[in-house]
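Following the hints, complete the assembly by docking chains R, C and S onto the known chain F.
4 protein chains.
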Amino acid sequence: MAFKVGEGVATISKLVSWAVAYCIACLHQYTIFVTCFHLGSSNSYLDRISSSPSAPLQNYLQLDPKETALVLIEYQNEFLSEGGKLYEPLKECLAHTNMIENSAKLTKVAREKGAAIFHVPIMFREGAPEIYSKFGILSGIKEGGTFQEGTWNAEFHPDMTPSPEDIIVKGKSGLCGFYSTNLDFLLRQRHIKNVVIGGLLTNCCVESTMRTAYEAGYQVYTLTDCTAAIGVDAHDSMYKHNAGMFSTVTNSGEVEKAFD
Amino acid sequence: MAFKVGEGVATISKLVSWAVAYCIACLHQYTIFVTCFHLGSSNSYLDRISSSPSAPLQNYLQLDPKETALVLIEYQNEFLSEGGKLYEPLKECLAHTNMIENSAKLTKVAREKGAAIFHVPIMFREGAPEIYSKFGILSGIKEGGTFQEGTWNAEFHPDMTPSPEDIIVKGKSGLCGFYSTNLDFLLRQRHIKNVVIGGLLTNCCVESTMRTAYEAGYQVYTLTDCTAAIGVDAHDSMYKHNAGMFSTVTNSGEVEKAFD
Amino acid sequence: MAFKVGEGVATISKLVSWAVAYCIACLHQYTIFVTCFHLGSSNSYLDRISSSPSAPLQNYLQLDPKETALVLIEYQNEFLSEGGKLYEPLKECLAHTNMIENSAKLTKVAREKGAAIFHVPIMFREGAPEIYSKFGILSGIKEGGTFQEGTWNAEFHPDMTPSPEDIIVKGKSGLCGFYSTNLDFLLRQRHIKNVVIGGLLTNCCVESTMRTAYEAGYQVYTLTDCTAAIGVDAHDSMYKHNAGMFSTVTNSGEVEKAFD
Amino acid sequence: MAFKVGEGVATISKLVSWAVAYCIACLHQYTIFVTCFHLGSSNSYLDRISSSPSAPLQNYLQLDPKETALVLIEYQNEFLSEGGKLYEPLKECLAHTNMIENSAKLTKVAREKGAAIFHVPIMFREGAPEIYSKFGILSGIKEGGTFQEGTWNAEFHPDMTPSPEDIIVKGKSGLCGFYSTNLDFLLRQRHIKNVVIGGLLTNCCVESTMRTAYEAGYQVYTLTDCTAAIGVDAHDSMYKHNAGMFSTVTNSGEVEKAFD
Numbered sequence: 000m001a002f003k004v005g006e007g008v009a010t011i012s013k014l015v016s017w018a019v020a021y022c023i024a025c026l027h028q029y030t031i032f033v034t035c036f037h038l039g040s041s042n043s044y045l046d047r048i049s050s051s052p053s054a055p056l057q058n059y060l061q062l063d064p065k066e067t068a069l070v071l072i073e074y075q076n077e078f079l080s081e082g083g084k085l086y087e088p089l090k091e092c093l094a095h096t097n098m099i100e101n102s103a104k105l106t107k108v109a110r111e112k113g114a115a116i117f118h119v120p121i122m123f124r125e126g127a128p129e130i131y132s133k134f135g136i137l138s139g140i141k142e143g144g145t146f147q148e149g150t151w152n153a154e155f156h157p158d159m160t161p162s163p164e165d166i167i168v169k170g171k172s173g174l175c176g177f178y179s180t181n182l183d184f185l186l187r188q189r190h191i192k193n194v195v196i197g198g199l200l201t202n203c204c205v206e207s208t209m210r211t212a213y214e215a216g217y218q219v220y221t222l223t224d225c226t227a228a229i230g231v232d233a234h235d236s237m238y239k240h241n242a243g244m245f246s247t248v249t250n251s252g253e254v255e256k257a258f259d
Numbered sequence: 000m001a002f003k004v005g006e007g008v009a010t011i012s013k014l015v016s017w018a019v020a021y022c023i024a025c026l027h028q029y030t031i032f033v034t035c036f037h038l039g040s041s042n043s044y045l046d047r048i049s050s051s052p053s054a055p056l057q058n059y060l061q062l063d064p065k066e067t068a069l070v071l072i073e074y075q076n077e078f079l080s081e082g083g084k085l086y087e088p089l090k091e092c093l094a095h096t097n098m099i100e101n102s103a104k105l106t107k108v109a110r111e112k113g114a115a116i117f118h119v120p121i122m123f124r125e126g127a128p129e130i131y132s133k134f135g136i137l138s139g140i141k142e143g144g145t146f147q148e149g150t151w152n153a154e155f156h157p158d159m160t161p162s163p164e165d166i167i168v169k170g171k172s173g174l175c176g177f178y179s180t181n182l183d184f185l186l187r188q189r190h191i192k193n194v195v196i197g198g199l200l201t202n203c204c205v206e207s208t209m210r211t212a213y214e215a216g217y218q219v220y221t222l223t224d225c226t227a228a229i230g231v232d233a234h235d236s237m238y239k240h241n242a243g244m245f246s247t248v249t250n251s252g253e254v255e256k257a258f259d
Numbered sequence: 000m001a002f003k004v005g006e007g008v009a010t011i012s013k014l015v016s017w018a019v020a021y022c023i024a025c026l027h028q029y030t031i032f033v034t035c036f037h038l039g040s041s042n043s044y045l046d047r048i049s050s051s052p053s054a055p056l057q058n059y060l061q062l063d064p065k066e067t068a069l070v071l072i073e074y075q076n077e078f079l080s081e082g083g084k085l086y087e088p089l090k091e092c093l094a095h096t097n098m099i100e101n102s103a104k105l106t107k108v109a110r111e112k113g114a115a116i117f118h119v120p121i122m123f124r125e126g127a128p129e130i131y132s133k134f135g136i137l138s139g140i141k142e143g144g145t146f147q148e149g150t151w152n153a154e155f156h157p158d159m160t161p162s163p164e165d166i167i168v169k170g171k172s173g174l175c176g177f178y179s180t181n182l183d184f185l186l187r188q189r190h191i192k193n194v195v196i197g198g199l200l201t202n203c204c205v206e207s208t209m210r211t212a213y214e215a216g217y218q219v220y221t222l223t224d225c226t227a228a229i230g231v232d233a234h235d236s237m238y239k240h241n242a243g244m245f246s247t248v249t250n251s252g253e254v255e256k257a258f259d
Numbered sequence: 000m001a002f003k004v005g006e007g008v009a010t011i012s013k014l015v016s017w018a019v020a021y022c023i024a025c026l027h028q029y030t031i032f033v034t035c036f037h038l039g040s041s042n043s044y045l046d047r048i049s050s051s052p053s054a055p056l057q058n059y060l061q062l063d064p065k066e067t068a069l070v071l072i073e074y075q076n077e078f079l080s081e082g083g084k085l086y087e088p089l090k091e092c093l094a095h096t097n098m099i100e101n102s103a104k105l106t107k108v109a110r111e112k113g114a115a116i117f118h119v120p121i122m123f124r125e126g127a128p129e130i131y132s133k134f135g136i137l138s139g140i141k142e143g144g145t146f147q148e149g150t151w152n153a154e155f156h157p158d159m160t161p162s163p164e165d166i167i168v169k170g171k172s173g174l175c176g177f178y179s180t181n182l183d184f185l186l187r188q189r190h191i192k193n194v195v196i197g198g199l200l201t202n203c204c205v206e207s208t209m210r211t212a213y214e215a216g217y218q219v220y221t222l223t224d225c226t227a228a229i230g231v232d233a234h235d236s237m238y239k240h241n242a243g244m245f246s247t248v249t250n251s252g253e254v255e256k257a258f259d
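One line per chain: the protein sequences are F, R, C and S, in this order. Position 229 of the first sequence, counting from 1, maps to 228 under numbering that gives the first Met the number 0, and the rest follow consecutively. Position 205 of the second sequence, counting from 1, maps to 204 under numbering that gives the first Met the number 0, and the rest follow consecutively. Position 133 of the third sequence, counting from 1, maps to 132 under numbering that gives the first Met the number 0, and the rest follow consecutively. Position 96 of the fourth sequence, counting from 1, maps to 95 under numbering that gives the first Met the number 0, and the rest follow consecutively.
Bound-form chain F, shown alone (with noise of 0.2 Å):
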């Protein structure tokens, strides 16, 4: 498009509405990081990854507990356990942001102010014949053999295992928490507003369940102190790239307090 004259005013105010506008949404996680670093570091993005509570950054944050739902994705001792295949290549993310910690602490909260949990894992059958994918991650984790059902490593972490009234979604067999599940059925029958995800991968599951909650209407919020992936550059990238655009970044002590 080339530009006509007298056009030049015109154009300067529209950038600077494009400004204002557009940073309000998808660069929204960019200004909170400008924000912290020209802070300092004690209000700092990675401090509040680290879940630092004298950190915070939203205190108008406030949940209804009966339109919330906490969906906990794949707290399994495969991910989190000493001796699960995917332990090792976590476990530096995991001391990172003590997910596992927070997760329990947050989820025994949220059951005491009446929030609804939903735990959501994943599961195979021995040579997982319900996957045929030849690319991508499906087929290494048929290839590696996680997550078999009916063994050790698909059952959930000890300090994560479900109380007699949470909701065990069913189904996951894929990456999305909602696509291969009852996950969707469940929340709309409950008229859940407010979805908050924590569990694994940060860019992996709880991302893709992330994306379909907010096309989906939700109000979704993302945990960056109860969620881990494989190496913290992509963890950080994720809710420095990403989380912004389909969700309020927030920790678990922000929560905890929001039920109030």
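Hints are computed from structural coordinates only; laboratory data are not their basis. These numbers were taken from a predicted model, which means no experiment stands behind them.
For identical chains, the list gives no copy identity; a pair is met inside one copy or between any two copies.
With a straight-line cut-off of 25 Å between C-alpha atoms, the simulated DSS-like cross-links for lysine-lysine are:
1. 192 x 133
2. 90 x 239
3. 239 x 133
4. 256 x 133
Chains R, C and S alone, transformed into the frame defined by chain F:
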């Protein structure tokens, strides 16, 4: 889990086994990286992003045009043309990947070879009454008045104008190319197996579409040189951390050759 | 299953219990029938189908307009206007339910009360390249050249022309109002709880939409006097056998009163 | 629409054209009916429902087992065994179609020929906390305490027990076999093209599954002699009015031959 005596060997063998299996899938992209960096700069990942025609990494790639759809996401003036509200923040990455020129060439070749061309524009009525989200990227779209139907901003970029035989996918109001559209219906009707994705933004609509397409069983291909994001870092991060889990990462030159 | 000694009483009690429980849901519509036929013709189901204003069966029906959408399926000339390709086979049932007049009045009232009005047209390009099905109703649509976009046939019936504030749902290429459209996205954005469905055909697109809406957790209402099918028998059968399992069967007069 | 002078011929030609085109699809089932009734009782629709092996209507039916799935919906004691809460109201239609024996034979043949066998059971925890619906068939399921997991009622009928190589679809909490399950994911992974549906109830879960399968692009087959409803009238109405729009109506004998 406490380790019992004698489990040492089994554990080491287990660690080796996951290392082999898991690397195949989840870490596939890292492998490419590591390989590339060891091979030297002439065959590196950055070369692939720049679509260097002298760097054929996947000489095995083959696509039957009759089973292949090129899915082109939001090649609209708002993003791609000077004067579009989101052109300025995209400009750097557009130049970096040269995605308009590459996409136009690939579209022409794919169409001639007989592949189906699906254009997936996004648009909203004045004031965007379709959107009520108070958060996330949709609220930014609403506030920014972007992609208003009937305006130049929502029109296709001149180099990416659909041909009469192309299919225009309808309904896109959200981010994923599937959720709010007839894309899946149309792909299924044509018995499409391979979905090759180009467009904008690399880590927003392109990534959501890639994730859902993989979930839905399509063989998915993402194109480093036919996509762009707000900042080269966001673009590169998607290919570094996420794309390999859900797609074969390739470029326009390789896909063009794959139709032969 | 062989009955053991002493199970007789338990079995009888069980039979009574299912009779009570199951009748509430699955056989609800039969109950209405049986009741009606015993009460005599003045308050019968057939009267409800004829939309007799003197037969208010559900004086409890209440709808908050802000949470209610009127979903209007395919009020297009192809079906509803003399000269439309499908008008002749529909004519008898259109006269039987008087659905055009009833729908126009209900739409006006619902719009004034503040309910959201969603129009869901179906249309295809010349030759219907969107459809490849060799069987079922879609193959008939393709062969018949019906609902061609840009022609009078695909336009809304004059009495059902959308107002500027109404929403036009996009993408409908299949039968269900949800699968190939942005309807669910738009309903979720507006936090709609109640979906009131009118349109065509009673046992095809209306029924598929009703079934999916129920599955997706909406409170669904079907309107005997704002729907029609190819033959009164097909219309009546849907309300007799199926509608009560997935919706509250009602009519335009009752819904108009429910907004107060 | 007022007719202008000279439109008479065009209109007549148009009426003839829709008669030809529309009959092919929407009225296909009526054609079968009319034909049958004129041909006499030996080759009638009621014979097909009774699965008379001497009435091969579709000698052209061919199915590649590798691309075909037999989808078996809710062959559970609650419906099919004496003592099940819903056995009594189903009993008449079960005897009418002889669906247990026909389904068991077809499943055995299909498995031997190499088709994929998918079992789709429905079940709920005690008290059905999965369901909140106050209306429709789900509220009846909740109130009736039907299909409780861990009880005999939710187990498969002895003649329809899955073989180890069969797939058990998970998550079914609603009516459609797709919406709340991993059925679509599993079918896509196996590149299934043909979906052959048997089970219960003809006009409830079977019909919803048939409708969604057609929408999703599968070639759908419904089996008059492997389905049953609450009352023969409800069963017959589904095949008379609805099944032909979304599927090829056939029976177990024809499908068994189609694998050769």
